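Q: Residue strings, one per chain:
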Amino acid sequence: MIAGLDAETGQIARKRINRAPHPAVARGLPWATVMLASMASFSPIIASAPVLPPLAYLVFLAWRMVRPGMFPVWAGLPLGAFDDLYSGQPFGSGIVLWSATMLAMEVLDERFLWRGFAQDWLAASALVSTYLLLCATFAGIAAGYPLPLVIVPQVLVSIALYPVVTGVVALLDRVRLIPLKRL
Amino acid sequence: MARSQDRRPGYSRRAQYGIFTGYVIAIAGIVVGLIVLVTSLINPGAFSFARSAAAEVARPMGKAGAQTRESSQGVFAAVGAYFNAGRQNAELRREVEAARAQAISMQSLREENRRLKALLGIVDTGRRPVATAHLIGSTASSTRRFAIIDAGAVRGVQPGLPVRAASGLIGRVVETGPSTARVLLVTDPDNVVPVRRASDGLAAFVQGASNGRIDIRLINMGINPVRKGDVFVTSGSGGLYPPGIPVAVATDPHRDGATGHLAADPADNEFVIVEPAYSAQALQQLEQGEKAGAQSAPEAP
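Chains A and B are the protein sequences, given in the same order.
According to my numbering, numbering within the first sequence proceeds without interruption in unit steps and concludes at 183.
According to my numbering, numbering within the second sequence proceeds without interruption in unit steps and concludes at 301.
None of these hints come from the bench; they were simulated from the model.
Bear in mind that the values here come from a model prediction, so they are computed numbers and not experimental data.
Each hint should be verified, as a subset may be incorrect.
[Unchecked claim] From the structure, some residues in chain B lie toward chain A, with a derived Cβ separation under 10 Å:
id: 1; residue: A64
id: 2; residue: D188
id: 3; residue: A267
For glycine and all other residues, C-beta sits at the position ideal for the given N, C-alpha and C.
Model the full assembly from the supplied sequences, consistent with the hints where possible.
A: Printed below as a string of structure tokens:
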């Protein structure tokens with residue numbers, strides 16, 4: 001699939017050299033994909049238990065890892081708020097946690113400048129686990145009932161899914177940069 | 001990966017200010033988020049308008065999803081029939097169990113009917129459902145268990161009304177928009193349902209454990225008489241849920257109750273029925289309670 005896309009973009013680029021990526025797509029695609037992932041709760045799956053990994057958060061993290069600087073530092077505020085509308089968490093938990101994630105990633109970039117994929121994965125695992133734990137805590141406070149261990153499967157699935165999500169985001173990154181605009 | 005270029009502004013004042021403002025907004029985001037979070041923890045309904053507006057926007061998507069679910073279930077069933085005969089067997093067994101639950105609840109209803117008819121002056125008026133709806137979404141990645149249905153205030157759905165599927169109780173409505181409503185599922189720990197054992201009326205209540213199962217807790221402590229396979233139906237006390245709707249089947253009795261699974265799994269049901277509240281008084285109390293900032297329905301039972 002990636003190879004096909006590569007060939008296609010190569011062809012377009014060869015045929016028409018006066019092309020550049022469309023700015024709306026190049027800038028907007030990361031935001032759009034995260035927001036779409038937030039709306040995944042309107043997917044055909046009706047779950048009676050928390051089974052889906054936090055897709056929107058994973059996509060968000062993947063964009064941040066694949067393209068540091070693509071999202072501004074404050075991106076957690078609007079995207080977290082949007083996610084709160086659909087996630088079922090008490091409103092505000094997304095705003096706090098996503099903003100905190102962006103700052104944590106800044107610190108991470110500061111401390112560990114050169115990272116391989118394994119380190120990225122490790123960092124993402126730590127962030128996702130913390131995120132899910134705090135989400136469950138906030139939800140527990142809202143429900144007035146401690147929620148034991150229900151997030152373990154979710155944490156494992158999220159960690160396992162991170163490379164897949166990163167792959168999809170890398171693919172989308174190529175789509176983002178397809179030269180569509182005539183110069 | 002190397003640090004990106006835009007984090008190293010060099011001597012450009014404008015770039016430096018840009019980065020600084022970014023950090024300020026990010027930290028402000030955390031502060032604002034905390035304030036909003038505390039607000040919504042104290043008053044869970046505070047941002048319901050935003051949520052229902054968002055649900056309205058996503059409604060067509062959810063409807064399409066519901067239809068996909070129907071058709072994909074057909075395809076999966078056809079393919080899956082070859083592969084997982086065992087799973088299918090388990091499913092059929094569950095279905096039989098549900099049928100048994102229905103039979104028992106029917107029996108208890110008949111019993112109740114007889115009792116009611118014996119009393120003079122009490123006439124059970126016909127209860128017409130408020131609306132029939134699709135389940136179009138659920139909070140599949142959150143520990144809170146909500147689902148969204150595609151019927152709202154326009155069709156007479158209001159907060160507090162019970163929602164059921166053909167085989168049992170699904171939950172109750174907590175927030176409504178014009179044409180969507182948010183349903184608190186039985187598996188949410190915030191949802192406490194007063195129940196009784198269908199066979200003999202042993203009183204208990206059911207609380208969600210948030211992992212797809214539910215806790216059945218007896219009101220009278222002592223020797224635990226609950227056995228595996230016991231069916232629990234709503235008792236009608238509290239007045240919110242009409243009596244006789246199957247809620248849970250006990251699977252794993254323990255010291256002071258049992259763990260059970262749902263009589264009606266939302267995953268298996270596309271259509272749900274919004275029923276009128278059993279007694280209008282209970283609904284009013286619930287509304288008052290929620291206005292006063294109370295967190296949940298009248299604690300059962």
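Q: Against each hint, give a clear statement of whether it holds in the structure.
A: Taking the hints in turn, this is what the structure says about them:
Annotation: interface hint on A64(B) holds; nearest CB of chain A at approximately 9 Å, less than 10 Å. Given hint, D188(B) at the interface with chain A, holds; its Cβ is 7 Å from that chain's nearest Cβ, closer than 10 Å. Because the smallest distance between the Cβ of A267(B) and any Cβ of chain A comes to about 5 Å, under 10 Å, the interface hint for this residue holds.
In summary, this structure violates none of the numbered hints.
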